[in-house]
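Student: Sequence:
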Amino acid sequence: ASVFVQSHVPAHVELMWLLSSVTPIGWLNRMIQFKEKSRKA
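In the working numbering, the protein residues as written are 352 to 392.
The hints are simulated quantities; they were obtained by calculation from the structure and are not laboratory data.
Treat the hints with care, as some may be off.
[Claimed, not checked] Label pairs and their in silico Cβ distance ranges: (1) S358 - K386: 20 to 26 Å; (2) G377 - A352: 33 to 39 Å; (3) P375 - A352: 17 to 23 Å.
Here the structure is a predicted model, which means the values were calculated and not measured.
Here a beta-carbon is modelled for each residue, glycine too, at the ideal position from N, C-alpha and C.
Based on the sequences and whatever the hints tell you, model everything.
Tutor: What follows is the structure, given as structure tokens:
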């Protein structure tokens, strides 16, 4: 098993930036993973 800190992986930050600037929030709210993680934050 591999353990890593997501904030230390540049690809996660870049993907978050791309999704937040290109994808409408309505589309993101339909994604179960996005809904769960946005509630925890």
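Student: What are the numbers of the hints that this structure violates, sorted from low to high?
Tutor: Of the numbered hints, just 3 does not hold.
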